[in-house]
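**Q** With the first letter of the sequence shown counted as 1, position 297 gets the number 297 in full-length UniProt numbering; the numbers rise by one all the way through.
The set of hints was computed from the structure by calculation and includes no laboratory data. Beta carbons: idealized from backbone N, C-alpha and C, even for Gly. You may find that some hints are simply not true.
For each label pair, taking beta carbons as the anchor points, the in silico distance ranges come out as [claimed, not checked]: (1) Glu104 <-> Met1: 27 to 35 Å; (2) Ala234 <-> Thr51: 22 to 30 Å; (3) Asp207 <-> Gly77: 39 to 47 Å.
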Amino acid sequence: MARVAAIDCGTNSIRLLVADLPASYAGPGAQLLDVTRRMEIVRLGEGVDRTGRLAPAAIERTRVALAGYAEAIEELGAERVRMVATSATRDAENADEFRAMVTETLGTAPEVVTGDEEARLSFTGAVHGLPPGTHAPYLVVDIGGGSTEFVVGGARVDSAISVDIGCVRMTERHLHGDPPTAAEIDAARADITAQVDRALAAVPGRDARTLVGLAGSVTTVVAIARGLTEYDPARIHHARLGYPEVAKVTDDLLTATRAERLAIPVMHPGRADVIGAGALVLRTIMERADLPSVIASEHDILDGIAWSLA
């Protein structure tokens, strides 16, 4: 086995996976062997939709988290490291400052990937090890902070697109009240619907037989719907939610105050401000693609980055 380290730096969070890759003779069903997974909410993309720049405080929050990851990577003896940076750094005018900070802190430069590459990495991570009876073609959606990736495929990716409807971006653009007003929610829904329809016109998501949802917005909705008292990845991974459950959680989140959302046992404090928008993106995708349920996956772009190091 080879030990690798994958880092996914998105608009809202930065995550680390150190894992052992299976030997080449282990077969197509072989899985990564996790050594550690870590996540920090750093809100790197805070204000990017409005200013076009990464804020100095956001870069510093990311540097602190990344320094801790660099120590863990060295201690655990990872042989290869790949860091992927996504939506926020694609959009920022001062992305060079961010890249310089990462290179100094981590010792390797980040790859600011295109939306299409982000989508393909997410798909690779998500479809490894789906439960028996899960039918292709799959529509894999990765709801991030700044963007959402739509990927359709079976054994491989057939088509992919990234659109700018992440949970941070939609919150900053539309959902300002505490709780948001009906007019704010309607504006967010209209914006999201237009972008989802554009994505589904570009990739054949309406032909998919299975919807797989990735990232914190989806897994948090599942945890809330299941009534978990603490976040339990084993109970969330490959859990299936029907549309009525997603719709109810979305409505509850959008009509709750920030304090009420923070009181939900499984709510990460850094996600409480933006979870309503993330749930609304998921609900809208299910409506517009006419898909009655979603399977949540704890394996996503982070796992895809690790597999790319094989």
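**Q** Does each hint hold? Answer for all of them.
**A** Checked hints:
no., hint, result
1, Glu104 <-> Met1: 27 to 35 Å, "30 Å, holds"
2, Ala234 <-> Thr51: 22 to 30 Å, "40 Å, violated"
3, Asp207 <-> Gly77: 39 to 47 Å, "44 Å, holds"
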